[in-house]
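> Here's the letter readout for the chains.
Number of protein chains: 4
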Amino acid sequence: MIRVTIFNEFVHERTEERVREVYPDGIHMTLKRALECEDIEVKTVTLLDDQCGLTDDVLKETDVIIWWGHMAHGQVPNEVAQRVRDHVQMGMGAIFLHSAHESKPFKLLMGTPCSLTWREDGDFERVWTVNPAHPIAQGVGRFIYLPHEETYGEPFTVPEPLETVFIGGYEGGEVFRSGLTYRRGNGKIFYFQPGHETNPTFKIPEIQKVIKNAVYWANPIYRTTSLGCPHVEKP
Amino acid sequence: MIRVTIFNEFVHERTEERVREVYPDGIHMTLKRALECEDIEVKTVTLLDDQCGLTDDVLKETDVIIWWGHMAHGQVPNEVAQRVRDHVQMGMGAIFLHSAHESKPFKLLMGTPCSLTWREDGDFERVWTVNPAHPIAQGVGRFIYLPHEETYGEPFTVPEPLETVFIGGYEGGEVFRSGLTYRRGNGKIFYFQPGHETNPTFKIPEIQKVIKNAVYWANPIYRTTSLGCPHVEKP
Amino acid sequence: MIRVTIFNEFVHERTEERVREVYPDGIHMTLKRALECEDIEVKTVTLLDDQCGLTDDVLKETDVIIWWGHMAHGQVPNEVAQRVRDHVQMGMGAIFLHSAHESKPFKLLMGTPCSLTWREDGDFERVWTVNPAHPIAQGVGRFIYLPHEETYGEPFTVPEPLETVFIGGYEGGEVFRSGLTYRRGNGKIFYFQPGHETNPTFKIPEIQKVIKNAVYWANPIYRTTSLGCPHVEKP
Amino acid sequence: MIRVTIFNEFVHERTEERVREVYPDGIHMTLKRALECEDIEVKTVTLLDDQCGLTDDVLKETDVIIWWGHMAHGQVPNEVAQRVRDHVQMGMGAIFLHSAHESKPFKLLMGTPCSLTWREDGDFERVWTVNPAHPIAQGVGRFIYLPHEETYGEPFTVPEPLETVFIGGYEGGEVFRSGLTYRRGNGKIFYFQPGHETNPTFKIPEIQKVIKNAVYWANPIYRTTSLGCPHVEKP
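Chains as they are written, first to last, in the working numbering: chain B, 17 to 251; chain Y, 17 to 251; chain Z, 17 to 251; chain G, 17 to 251.
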């Protein structure tokens with residue numbers, strides 16, 4: 017059983033009518049319903065929880081964390097962000113969705129600005145498969161069509177990835193590296209661009225498929241409990 | 017002085033009126049005029065030359081080779097392609113333009129199919145800068161606009177590059193990794209997608225700038241004269 | 017069931033007494049016994065077989081090929097080497113052992129000289145784990161101790177790998193990147209340095225464990241049947 | 017003129033006699049003397065300076081920062097470490113020496129634990145050239161011999177580098193990736209392992225040569241003044 021914890025800041029859905037219409041009980045609940053199956057159990061936490069619900073105990077029992085945040089990145093305490101980073105480095109998998117490119121844990125794990133260009137014009141997007149043999153791309157065709165998405169554009173200032181899995185192309189012309197993989201310490205990381213709060217992107221089956229694939233891919237096979245530099249004896 | 021050798025198969029320009037109108041004396045001559053300056057001297061060779069003009073002596077005195085080919089890839093003798101590969105591995109720089117993705121030397125150097133999807137509908141293309149700090153991207157803005165280009169699409173089956181410098185987005189929706197860097201042995205390689213024979217792409221100043229930047233970038237600082245596995249003494 | 021095909025040139029074992037003593041029925045048979053289990057079935061082929069036993073039909077029914085060769089690389093026909101390369105590009109996994117760094121298929125897939133420095137002084141080697149979370153390193157400790165191995169040294173002229181899994185250190189002082197991963201087209205590739213013919217390296221349980229791990233890792237999840245560039249319609 | 021700023025924590029040299037004997041006026045002054053030339057001017061700062069001497073103004077006028085720290089990493093204020101990170105992301109080059117693998121700015125830029133194993137037995141080390149064509153390796157032979165160094169061992173928990181330039185091998189058997197390159201945002205980063213405070217490593221001409229090469233390599237050609245995500249108009 018893969019134990020997934022979904023963190024959703026859960027602010028837009030509580031404060032904006034047009035977002036609540038799309039995700040009445042929050043993005044996290046839509047994702048939870050999409051992922052739960054006989055292999056995967058899902059816990060959800062939000063900014064409303066003490067310490068974002070991400071205590072050391074919760075993270076120790078999380079195989080893969082999924083992160084959605086946007087307007088309230090700054091409300092995630094630094095200790096929580098650092099704790100998430102540490103657990104990824106020790107082996108926990110992590111999937112960062114859409115505007116989580118600017119979340120504290122993602123930026124801590126990348127070491128780069130993670131900046132991009134953006135506009136919000138209701139563009140359609142095609143998420144093109146660049147690496148069809150990658151486990152995360154299984155079950156996806158040439159591209160995933162998204163009727164409306166926030167437009168993200170390059171330069172996306174992240175490190176060169178292990179592998180580029182998807183690249184998005186938008187109605188208005190921009191392109192964006194939409195699916196990127198990383199390893200940081202023992203943990204595997206997938207960044208996936210789709211998922212603006214005003215669009216029902218997370219209800220699209222192929223998007224759910226990609227995220228589920230990523231959960232299997234990021235599920236750790238090796239995990240440590242410390243990050244220090246051990247003194248060793250001569251071999 | 018950087019010694020550049022341009023190989024152009026030079027078939028379209030001799031056999032198709034609409035291409036001759038764009039490049040009356042051949043793509044190679046347009047590139048030569050674009051590159052020649054006080055730092056760079058340019059030699060041109062074509063399929064009409066014995067051994068494609070790419071003898072061992074010529075390659076030894078070439079710092080950076082530029083390759084354009086399309087319909088006549090098969091007419092490049094295997095020995096010539098292997099010789100080019102060997103000189104790149106020993107340190108010669110190489111720039112492969114547009115349909116040279118399917119040229120023999122490029123495929124030998126990549127070890128992959130180097131396949132892609134394509135259509136020819138007169139799309140405009142924007143070549144977006146992904147890595148603005150890369151030497152090859154200097155002097156280029158957010159994107160280069162090309163009024164008409166052949167459309168190339170992913171998956172582009174090349175190895176993960178050292179760095180992705182450009183990604184193209186086409187009018188019809190496709191995206192394509194348009195500028196990629198590699199090292200193979202001692203040699204540096206740049207693949208650059210623009211440059212279909214029926215469009216005057218190589219006359220666009222920003223495209224010329226990118227190719228010139230790539231010449232400086234690929235110019236070798238270290239070169240060997242053999243590729244074997246030396247037996248060594250215990251250090 | 018993962019279908020593994022082991023190619024061993026099988027020359028040393030037939031012509032050198034000291035090698036026959038180590039591997040009486042050939043390196044391939046030792047590897048076969050090490051790998052066979054309820055998940056893995058193994059076929060073996062050698063230079064003695066017509067076309068090295070590597071017909072198109074055999075390769076189509078091979079999930080992962082394992083290659084050992086040394087003194088007879090040149091006897092592998094070019095068509096066979098190219099066929100192996102093509103099947104890897106279409107998705108077949110490949111594991112290249114020890115002196116297979118100079119085999120035709122490996123060089124075709126890397127696009128580099130794949131050269132190294134070497135001496136044969138009976139050094140012991142430690143194969144150090146660099147990436148303990150990688151699936152190929154599971155079940156291995158800090159290092160694998162090999163009482164005697166042929167010494168390989170850098171520069172190992174291969175492309176930058178996806179990930180460096182192991183680095184070897186030898187009694188005499190040399191270091192060598194001993195475990196490297198690649199993707200070429202749809203196929204996953206693992207190069208693993210241990211396994212000189214005069215040493216019983218392939219009988220060491222941890223070495224067998226690494227190769228078995230690599231079989232699981234390289235087992236394809238996606239495979240194509242062609243390598244061409246399809247013309248596509250506008251999306 | 018390349019403007020180099022050397023940060024040395026400058027604690028060992030002031031508090032330990034055996035270190036003062038090696039570097040009487042501090043590691044930074046030895047490095048300064050090694051680097052200064054008609055192309056390079058050097059400023060030095062230490063923990064004794066207010067804000068480590070690394071104000072925004074100083075960093076704006078620094079092309080490449082060199083960092084040496086060990087026992088006093090924790091005394092570098094977080095704001096200073098973040099400021100250094102930000103300037104690297106905007107384009108400043110950075111060279112991290114030896115125990116700076118655990119410095120705050122390096123860890124912020126890598127996003128990994130940057131841990132390793134270590135012992136201090138007076139081992140000799142050979143720093144082997146893995147990538148002889150890399151600009152940082154020019155002028156170095158097969159290896160650099162260091163009579164005594166602190167022993168560092170894998171796993172070195174850093175991200176996969178752009179390129180591996182050097183790998184160290186120690187008398188006692190350990191191996192370590194000793195020279196690694198990264199890009200973070202617009203900035204280029206080189207990590208170089210040699211340089212324990214009790215050994216006169218920085219007085220060895222080949223070590224000085226590598227660091228000087230790295231200064232030229234990391235010298236920025238492109239720099240920004242902000243790290244945010246700009247809203248853009250449709251192209």
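Simulated from the structure, these hints should not be mistaken for laboratory data. Mixed in with the good hints, there may be bad ones.
One copy or any two copies: either way a pair holds, since identical chains are not told apart in the list.
[Claimed, not checked] Distance condition first, Cα-Cα at most 30 angstroms in a straight line; then the derived BS3-like pairs of lysine-lysine:
1) Lys-76 to Lys-225
2) Lys-250 to Lys-48
3) Lys-59 to Lys-250
4) Lys-48 to Lys-76
> Look at each hint and say if it fits the structure.
Status of the hints after comparison with the structure:
1. Proximity of Lys-76 to Lys-225 under the C-alpha cut-off of 30 angstroms is found in both arrangements, the shortest distances being 26 angstroms within a copy and 28 angstroms between copies.
2. Taking the closest pair of Cα atoms, Lys-250 and Lys-48 never come within 30 angstroms of each other, the shortest separation being 49 angstroms inside a single copy and 35 angstroms across copies.
3. Taking the shortest alpha-carbon separations for Lys-59 and Lys-250, neither the intra-copy value of 45 angstroms nor the inter-copy value of 39 angstroms comes in at or below 30 angstroms.
4. Proximity of Lys-48 to Lys-76 under the C-alpha cut-off of 30 angstroms is restricted to the intra-copy arrangement: shortest distance 19 angstroms within a copy versus 40 angstroms between copies.
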